[in-house]
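Build out the structure end to end from the sequences listed, making use of the hints.
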Amino acid sequence: MKVCKDVVVTLAYQVKNEDGQMVDESTKDAPLQYLHGHNNLIVGLEAALEGREQGETFDVTVAPEEAYGDYHDAMVQRVPADVFQGVDEIVVGMRFLADTDQGPIPVEVTEVDGDEVVVDGNHMLAGQTLTFSVEVMEMRQATEDEVAHGHIHQEGGSCGSNNDEGCCGDGSCSS
Numbered sequence: 001m002k003v004c005k006d007v008v009v010t011l012a013y014q015v016k017n018e019d020g021q022m023v024d025e026s027t028k029d030a031p032l033q034y035l036h037g038h039n040n041l042i043v044g045l046e047a048a049l050e051g052r053e054q055g056e057t058f059d060v061t062v063a064p065e066e067a068y069g070d071y072h073d074a075m076v077q078r079v080p081a082d083v084f085q086g087v088d089e090i091v092v093g094m095r096f097l098a099d100t101d102q103g104p105i106p107v108e109v110t111e112v113d114g115d116e117v118v119v120d121g122n123h124m125l126a127g128q129t130l131t132f133s134v135e136v137m138e139m140r141q142a143t144e145d146e147v148a149h150g151h152i153h154q155e156g157g158s159c160g161s162n163n164d165e166g167c168c169g170d171g172s173c174s175s
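Read in order, the letters of the sequence shown are residues 1 to 175 in full-length UniProt numbering.
Quick caveat, the hints were computed from the structure, so don't treat them as lab data. If you're wondering where the values come from, they're calculated on a predicted model, not measured in any experiment. Worth double-checking, as some hints may not be accurate.
Stated by the list, open to error - In silico BS3-like pairs for lysine-lysine, Cα to Cα no more than 27 Å straight-line:
| hint | residue 1 | residue 2 |
| --- | --- | --- |
| 1 | K28 | K16 |
| 2 | K2 | K28 |
| 3 | K16 | K2 |
| 4 | K28 | K5 |
Rendered as structure tokens:
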């Protein structure tokens with residue numbers, strides 16, 4: 001079997017930025033499992049996995065436009081501190097969901113300056129070229145439910161089920 005659309009792939013990986021710093025990993029003890037071909041990974045990594053076989057290891061460098069996108073200065077904004085209702089102390093590094101005209105987006109506090117706070121809505125890896133070291137550990141054909149929902153289901157459950165296992169746990173997701 002090769003990695004292709006509608007195959008569930010289990011992989012271990014490490015991601016390094018341009019400076020060689022590890023910025024993320026999924027170990028063999030806690031591997032990533034995803035449904036291939038359903039936009040569950042960044043574009044560049046999913047493309048590099050296409051056609052790979054179980055047990056294969058490889059490195060791939062992914063440009064920003066195929067990873068988390070370019071860094072956009074317009075995504076950095078200075079806002080009044082009082083918009084953070086219910087937060088006693090705002091500190092650099094805090095993350096929030098900001099309500100926007102396009103829906104909620106995650107932002108990170110990058111500066112606190114008196115009554116103003118600078119937030120950055122860029123992904124923390126935006127604008128960075130990333131190098132992945134990947135091992136394809138396992139593969140299996142996806143179930144009909146997984147393909148229909150576009151993501152994997154853990155053993156014993158599926159979205160909308162009444163049991164306590166699976167992708168939704170309490171059955172609260174809607175697909």
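Against the structure, the hints come out as follows:
1. Between K28 and K16 the alpha-carbon distance is near 17 Å, which keeps this suggested pair within the 27 Å criterion.
2. With a CA separation close to 20 Å, the supplied pair K2 and K28 stays within the 27 Å bound.
3. For the suggested pair K16 and K2, the alpha carbons sit about 26 Å apart, so the restraint of at most 27 Å is met.
4. Among the hinted pairs, K28 with K5 is consistent with the structure: their alpha-carbon atoms are about 23 Å apart, no more than 27 Å.
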